[in-house]
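Line order of the protein sequences matches chains A and B. Here full-length UniProt numbering is used: position 287 in the first sequence is 287, and no number is missing along the way. Here full-length UniProt numbering is used: position 281 in the second sequence is 281, and no number is missing along the way.
Think of the hints as simulated: they come from the structure by calculation, not from any bench. Model, not experiment: these values are computed from the prediction.
Computed list of lysine to aspartate or glutamate pairs in EDC-like fashion (alpha-carbon distance at most 16 Å, straight line): (1) A/Lys235 - A/Asp171; (2) A/Lys240 - B/Glu167; (3) A/Lys411 - B/Glu96.
Now the stretches of chain A that chain B is said to cover, found in silico as 3 or more residues with beta-carbon under 8 Å: (4) 72 to 80; (5) 241 to 252; (6) 377 to 383; (7) 388 to 396.
All C-beta atoms, glycine included, are put in the ideal place defined by N, C-alpha and C.
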Amino acid sequence: MKLKTSVKAVLALATLMGAAAQAAPQVEVLHYWTSGGEAKSVAELKKIMESKGVAWKDFAVAGGAGENAATALKARVMAGSPPTAAQIKGPSIQEWGQEGVLANIDQAATEGKWESTLPPVVTNVMKYKGHYVAVPVNVHRVNWLWVNPAVLAKAGAKAPTNFAEFFDAADKIKKAGLVALAHGGQPWQDATLFESVVLGTGGADFYKKALVQLDQATLTSPTMIKSFETLARIKTYIDKDAAGRDWNLATAMVINGKAGMQFMGDWAKGEFTAAGKVPGKDFLCVAAPGTDKAYTFNIDSLAMFKVKNPEQQKAQLVLANAVMSPGFQEVFNLNKGSIPVRAGAARDKFDSCAQKSMDDMAATSKAGALLPSMAHGMAINTAKAGAIQDVIARFMNSNMTPQAAAQALAKAAKTS
Amino acid sequence: MSVTPLTSGTRPAAAGRRPAANDSTGLPPLKSGSRFGALADAWLPRLVLSPTIVASLVFVYGFIALTAYLSLTESRMMPNFEYSGFGQYERLFDIERWWVSAANLGIFGGLFILFCLAIGLSMAILLDQRIRHEGALRAIYLYPMALSFIVTGAAWKWILNPGLGLEKMMHDWGFTNFTFDWLVDSDMSIYTVVIAGVWQSSGFVMALFLAGLRSVDDSIIKAAMVDGASLPTIYWRIVIPSLRPVFFSVLLVLSHIAIKSFDLVMALTAGGPGTSSDVPAIFMYQFSFTRGQLGLGAASAMMMLATVLAVLVPLMYLETKGARHGR
Chain A
1 MKLKTSVKAV LALATLMGAA AQAAPQVEVL HYWTSGGEAK SVAELKKIME
51 SKGVAWKDFA VAGGAGENAA TALKARVMAG SPPTAAQIKG PSIQEWGQEG
101 VLANIDQAAT EGKWESTLPP VVTNVMKYKG HYVAVPVNVH RVNWLWVNPA
151 VLAKAGAKAP TNFAEFFDAA DKIKKAGLVA LAHGGQPWQD ATLFESVVLG
201 TGGADFYKKA LVQLDQATLT SPTMIKSFET LARIKTYIDK DAAGRDWNLA
251 TAMVINGKAG MQFMGDWAKG EFTAAGKVPG KDFLCVAAPG TDKAYTFNID
301 SLAMFKVKNP EQQKAQLVLA NAVMSPGFQE VFNLNKGSIP VRAGAARDKF
351 DSCAQKSMDD MAATSKAGAL LPSMAHGMAI NTAKAGAIQD VIARFMNSNM
401 TPQAAAQALA KAAKTS
Chain B
1 MSVTPLTSGT RPAAAGRRPA ANDSTGLPPL KSGSRFGALA DAWLPRLVLS
51 PTIVASLVFV YGFIALTAYL SLTESRMMPN FEYSGFGQYE RLFDIERWWV
101 SAANLGIFGG LFILFCLAIG LSMAILLDQR IRHEGALRAI YLYPMALSFI
151 VTGAAWKWIL NPGLGLEKMM HDWGFTNFTF DWLVDSDMSI YTVVIAGVWQ
201 SSGFVMALFL AGLRSVDDSI IKAAMVDGAS LPTIYWRIVI PSLRPVFFSV
251 LLVLSHIAIK SFDLVMALTA GGPGTSSDVP AIFMYQFSFT RGQLGLGAAS
301 AMMMLATVLA VLVPLMYLET KGARHGR
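Bound conformation, chain A alone (with noise of 0.2 Å):
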């Protein structure tokens, strides 16, 4: 009789305890943000929402691409138990949206005047028929060339700025007994160049409707085909080991002066800093080949899921305005390597390829050249991305000809 009671109390005050800690406002945010700087940059996230009397639960699952993470939360959602907030991007928010398991933050947004300080590229990926669904952490700028000037000089090259001038440099640096192009071998690497390469051959409008609106004449035109030409060229100058190269070593192979160039997307520059490389001159970060004049953006987010408790919906939008704050985009984004979200932030502490990339991202918002990235989930739902990268990967990989790549190009872009 005696056990039973006393189990009965520990029991009653276990419930308690557990309703406490049900009470006391609290966030949990699932994110892949998991290497050196990333973890740093969420370590002040997490101080910023504890100054502000919420308590922080980190749900970090490592792996860079955030396959892991995806599978994770999709576990969270079935079992009834979504996180407060998780990394989202791109389509995949619409996706969420559709599930009905994604929470309306429009309050935050009319607080924090997002309207005003995002461009409506942005907002638009943000909402889920026309609410607030997720805030944007951060910009990366996917058609960087980097360029090892070092490189150049000893080839007698110059930076390029369109394809003539890119062959003439790749021609110089072959003949100096470099690689021209260092490149890694993986189908989204694969993806980012052809993207940056149709871009590049097609201009902003043509980029537009072959890889965000999948309109099937444009993706079988003169242009389409010119661009895997293009990409069928450029595959002479990657050396033959780049089958599954990460994109890290490919950097290394700039930084240590074997190879000229390299395309890839901003996170490139933490990989030359990190090795003590200053840019502008150990380093250049040019606009690739004929896209100076438009920009393909990456934008990490984190979309809120619906929670009952009103205390964590009130946390949850604490969560949203501390994202967008001015503070944490500055000290985030220096941390990563990538640029802030919002218009007008202060940029004197960032290095010449942030600020470019700020002063680019402001002009092309403005003359409609600011692009999702096709090829890191920004412009097209994940089933079609994937079957465009398989195609991508095949001409790649094979003597498939340009014409046979724009037709399954095309077949791909069907995928449903």
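Since chain A is already given, all that's left is putting chain B on it; use the hints.
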């Protein structure tokens, strides 16, 4: 959730030769005579085994059924249980990458099993000649099995990488004409998977065969020797035929390793260059979990299960038939 149907079907192969445990329960009798003892005798084994049975029913066969059903729905990112017919299979058969993976499975599976059997059996026969340091040699050959396929894949990735491993070494030694770039050649990359797989598994096959060889009755061999048969003839006509059950077990184990191969390919080539060394397991994983096409992934998983059954059922049938005839 969908590629685990096999584990319950395979048993430690060497056990096939041993006589069965002495009685049906295998437990020492409890206090015989008392009523409680008799009850416990009858029920304890069932009680102890039932959670395992329930667990396998739910987690193996239950999930196979669930996957089969999912392959008949339009499931995208999350499961959707609305029946929609065989559209996912049509879609699957229309994807060129699926056929690349299926062909790769054929190449890899066939060569992997063939080479493992040939190399494993030859090594077992050679080791069976009562040589010195047999124990040490056996350990050396068997040791690769102690590594996971991930480690094997990563190690062979470095060895076969032309700019890093074998080819570079030969160039450094002055053989500048030497080329071995299968790993980065999209026509040959699947064969590098065969090399790594065979390296890892043939020692294990050798161990099974060696156990089988040791269990062959010495007196038959001696009788054959007395009759003047040569050693190759003895092996070819007497020893190898009596290894039939071992062959079955080895085939079972190897074929399911081949069909579910995921980690080795992932670590060695990651399905590349491009998608040229893709196998169905990687296809299934990518489409279900990273491309939000759960229904399509389930359909590909069912095709893998069909392949497993196509190999397994005839093998099991032959084996049980052999046992019935009291071979």
